[in-house]
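Chemist: Sequence:
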Amino acid sequence: MTNYDDKLPTNFIINQAVIHFDQVILHGSVSVICTEQLKEFCEILKFEKQKIIEFDITKSILPQAIINEHLTKIIHILYNYDHLLQLTSRFAFQFVSLSLDITEPFTELYETKSSLYEEFRQLRITFDNIDISDSAIEKDLRYVSGMYNNSSMNNEKETQRQIERISTNLYQIIFKDKNFIEPKDIPVKVDPLKYARSWELDPNDISETRQLFYEDTNLSIVKTKLKSSGTEIALVKPRKTVLEQNAKRELMLLSSLSHQNIATFCGGYIENNLLHIAYQYCKDGVLHSVLRMSKSPTPTTLTVISYVIARAMSYLHEHHIVHGNLSSSSIFLLNRESSDGKYLIEPKLWNFGFDTGSYDERRLPPEYYREGKYTKESDVYQFGLLLWEMGRKQTPFGQIKKRELKNELVNNNIRPPLDDTFNEGMKILIESCWDNDPKKRPTFNDIVRRYEFGEIYFSQSTLNKINKYFDAWRLRRWNPKITNDPDITSIMELCKDSSKEPEFVLLMNKIINSGKINPILDDLVNIGLIELMTKLLISSSKISELIDIFLFVFDQDKEKKDHRVSYFLNAELGTPSITAFIDSQENKEYAYILIDSIQDYITKEAASKILPHVIADGRFEYAKILVNKADLLSCDILSKNMNKISEALSDKNKKNYAAYLIEFYLSHTDDTSCLRYLTVKDTIKGGNVPLLRTLMKYQDFLATFTNDDAIELCKTMVSDKANSGQKDCSLLLALGLGPEFYQVVSQFKSFINAVISYQNQELASRFIARLTRFPNACEYLATKHELFEKNFTNPWYLTALSRIAGFFPRLILEFPKLKKKIIKNIKNGEQIEATLRLLGVLSKSRKFWVDDKDDSEGEIKNENLVKILFDLLSSHITTPLENMILLAIITNIAEYVSLSDYFLQILAIAESEGPLSGFAMRALASTELPLKNIRQVRRIIILVKKMLADGDQYAKSSCAKIIEIMLTINKDFRGVFLTQGFDKSLLEAATNESDPYVFISLMMAIYKLEIVVTAEILSLFDKMLMNTRGEEVAAELITLRSRMS
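To convert, note that position 5 of the sequence shown is 5 in UniProt numbering; the numbers rise steadily by one, no gaps.
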């Protein structure tokens, strides 16, 4: 697959051939410079995005002056990067081959900078493998350098020709490619891909004798030969057509790769839009087929094969090439003889085929379906699936239909199941490889290292064999320059032998103190210093000194600390050494020293393994650190240790950390069954009110509450030794208890006094309000004038006053300046609903409406209060519930205070057909009606008839009352009512009414209208009597029936 990262790093551009450079900038064509590709490239070079201009060279629509401007800017940027010097020459070739005049930008550069020759000389410092001592090239460089230094630019064509030739020579030197055609031999505006390394294969050179080697739904492979050389090849023919441009990029990529474990590319050709690719024939088949043979490779061999594949992928990623189709079908196998005469199965990667359409849809990563992206991390995902396939010898997701797989991957995060086929290290690796978040997947460099230190293998592998194999590969990274020092050479040998630990520690301290360690520490780390030290740590006799060495190695280079810590934790005994120290008595502090040092870099897998040991040790400050690192992996651990966490809640030094662990658990899982292990006693002792509020939302916690807990709760509430947090927790728990508890404690004045004295009045007031459901508490609280006076704006104390007034209105009316405080609350808009509830209870009492003789200024006269209430009603700032309470109060007021001035306001509300109309009808029935005003009488009659048909129970009862009042005042209204059909309306309303009190009101109105009593009317009485249980109501129904009959 010819794919690159979205942002190409500079070293890739340096190390790739110019033909790949073409591919990035020109997107496979010299005729059009692709804007998006140029943007990506120039962004890397810190080029100004807004000045990028798309231009078509073949149409010459961009003036030379603008081209020069852009070229000059790019060239200067290149020049200012020391490691990009050679790109100036490469740009010369690129743009000359496009028939662009580069004289001006290059002249400006070399007239103001040092000589061309000296710049090319610097390449020797940057690239040790570049040799520009060749006399011909040196002569050319001196010649052109002299031309620029002497400003002799008269012959522009000669200068341009020399630049062309020098850039070609330089290309040959850097990239060792003698087949590159000099620019002067390239026709103008032709595709330079034709002049890359010779990859084009002549189909006529391929033998007609072909043997099917392998096939699947995407491609077929045949074994054949090249006629010209007799070389056996594997000819691959995909089944999907491909764009010629993509095919060329694929072949171009293959021609540039050189690695022992990448299949040797022999060429390719395009026929009928199908890309045919030839590789050197590997006689031992394709891994996909080999895995499914009855005698498939042993676990040891598969471990080595998977490691070699990881190394080959690391090579590709180091060159910023994405494979795109990593599967068992994309790996050839070749048996080769090793140096000891044994045969090894060697894998060879091939089928780089995303652009050529030969990819396996079952192996596409979730991010491809979500965002259409395929990156290096996607290769890592496919490597995880490949490991699973190698272990289980099955196709990943083979039982899921392709059309269903996308949904399962993206929405359900489905993955193949892991079993004991894989060791623990490989399971962790596979899970991290196919992590749903690409950023959390390891790199192939990390994967290779973990193999080399014996962490990853298929179960039942022969460990001594694979360890010996990996040791040999690891030591290949040994830098020869450090072997000259005998002390340094012996470090690794001493480190391997636990019996020589004292000598190792002594030698390391000597090298550290001398400063000799600094330049070679990276080399030591690369070849396994940390992993070998970890093996010493578990049984160390010099643990303190060894820990100091670890800390030195970790902290010596902050930028590399994360890698070094990962080497330690991923080592076979890294995490186990920490857990072993925690479980021991004498060494546990060393474990916490290590955790302190590595806490910012610890992996979630390591954190999840250390966490249960830390909790068991009671070090909850470290448990808090580890749960954040372990993330979801910590939930199961916390669940199993909830009893230990509960005990920590009662410890003043641990309670905050324990509370954090509980809150973390609840925020990361839906399973709350483990909360039953949290005891109420521990929670109260913890005194953490926010935590308790959270816990009380879960039935699993509340279900553990017992009578003993209730006793403990009460003791804490009245205890002088309990702190405010513990008392608040007890009070909060009490608020969740039933009425039986409050009925008991309401009888104890000392208990009530203890609650009243609490600092947390928000909780205390709620508790007091609960107590006022019982008369014992109400009678005692009615004497606490000062308490309620101080808290008259507290909604719960106002609620308590309302309930006390319901039991003992006389005692409440003795409160000083009660009416004045109510008016103040309403005027200030404070606790309107609770204040109105209190007023609603008090408004039923005649004593409340007796004007205060001491009110010399008339501040609390009834008229003032009534006006305030009606102003509030018309202000539209109150809630529907508050308006209902207001209308109920107004109904009560009407008995003691004239409301004639507010008749129209009440009538308008009643006519509004809203939820308040029924309450307004009650108020209207209690108000003096303006019966001499014919217009208003007409409105009343229309409203009453409408409410009889559509109103609620309040409205119908009030309608009946209004009819009675109007007939009592003036019997002439009888004719009006009968004319308007009120007899039928009343009978229909009574027939449909189930409430006996409303029924009685309606029947009284019928009686007042002197409607002829029929058997139908009497039958309504009989029906209502059958459904009425109250004796008083039944008696009233019988009396009214008797009067009407």
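Mixed in with the good hints, there may be bad ones.
[Said to hold, decoys possible] Cut-off 30 angstroms, straight-line C-alpha distance, at most; resulting in silico cross-link-like pairs (DSS-like, lysine-lysine):
1. Lys439 / Lys500
2. Lys558 / Lys644
3. Lys588 / Lys535
4. Lys790 / Lys824
5. Lys535 / Lys510
6. Lys427 / Lys406
7. Lys496 / Lys560
8. Lys697 / Lys629
9. Lys715 / Lys697
10. Lys588 / Lys624
11. Lys465 / Lys516
12. Lys844 / Lys1008
13. Lys496 / Lys402
14. Lys644 / Lys439
15. Lys510 / Lys440
16. Lys439 / Lys427
17. Lys465 / Lys439
18. Lys790 / Lys817
None of these hints come from the bench; they were simulated from the model.
Chemist: Lys465 and Lys516: Cα distance at most 30 angstroms?
Modeler: 35 angstroms, violated
Chemist: Would you check the hint for Lys558 and Lys644, treating anything up to 30 angstroms between C-alpha atoms as holding?
Modeler: 37 angstroms, violated
Chemist: Within a Cα-Cα threshold of 30 angstroms, do Lys465 and Lys439 meet the stated pairing?
Modeler: 34 angstroms, violated
Chemist: Compare the distance between the alpha carbons of Lys535 and Lys510 with 30 angstroms, and conclude whether the hinted pair is satisfied.
Modeler: Judged against 30 angstroms, a Cα distance of about 21 angstroms means the pair holds.
Chemist: Would you check the hint for Lys790 and Lys824, treating anything up to 30 angstroms between C-alpha atoms as holding?
Modeler: 14 angstroms, holds
Chemist: Could you grab the alpha-carbon distance between Lys844 and Lys1008 and see if it respects the 30 angstroms cut-off?
Modeler: Judged against 30 angstroms, a Cα distance of about 28 angstroms means the pair holds.
Chemist: Taken at face value, is the distance from the CA of Lys697 to the CA of Lys715 at most 30 angstroms?
Modeler: 24 angstroms, holds
Chemist: Going straight from one Cα to the other, do Lys588 and Lys624 come out at no more than 30 angstroms?
Modeler: Answer holds: Lys588 to Lys624 is near 18 angstroms, not above 30 angstroms.
Chemist: Please work out if Lys697 and Lys629 have their alpha carbons no farther apart than 30 angstroms.
Modeler: Judged against 30 angstroms, a Cα distance of about 27 angstroms means the pair holds.
Chemist: Take the C-alpha atoms of Lys496 and Lys560, compute the straight-line distance between them, and say whether it is at most 30 angstroms.
Modeler: 24 angstroms, holds
Chemist: Please work out if Lys427 and Lys406 have their alpha carbons no farther apart than 30 angstroms.
Modeler: 24 angstroms, holds
Chemist: Quick one, are Lys588 and Lys535 close enough, alpha carbons at most 30 angstroms?
Modeler: Satisfied, since the Cα-Cα distance of roughly 18 angstroms is no more than 30 angstroms.
Hint check: violations occur at hints 1, 2, 11, 13, 14, 15, 17; the rest are consistent with the structure.
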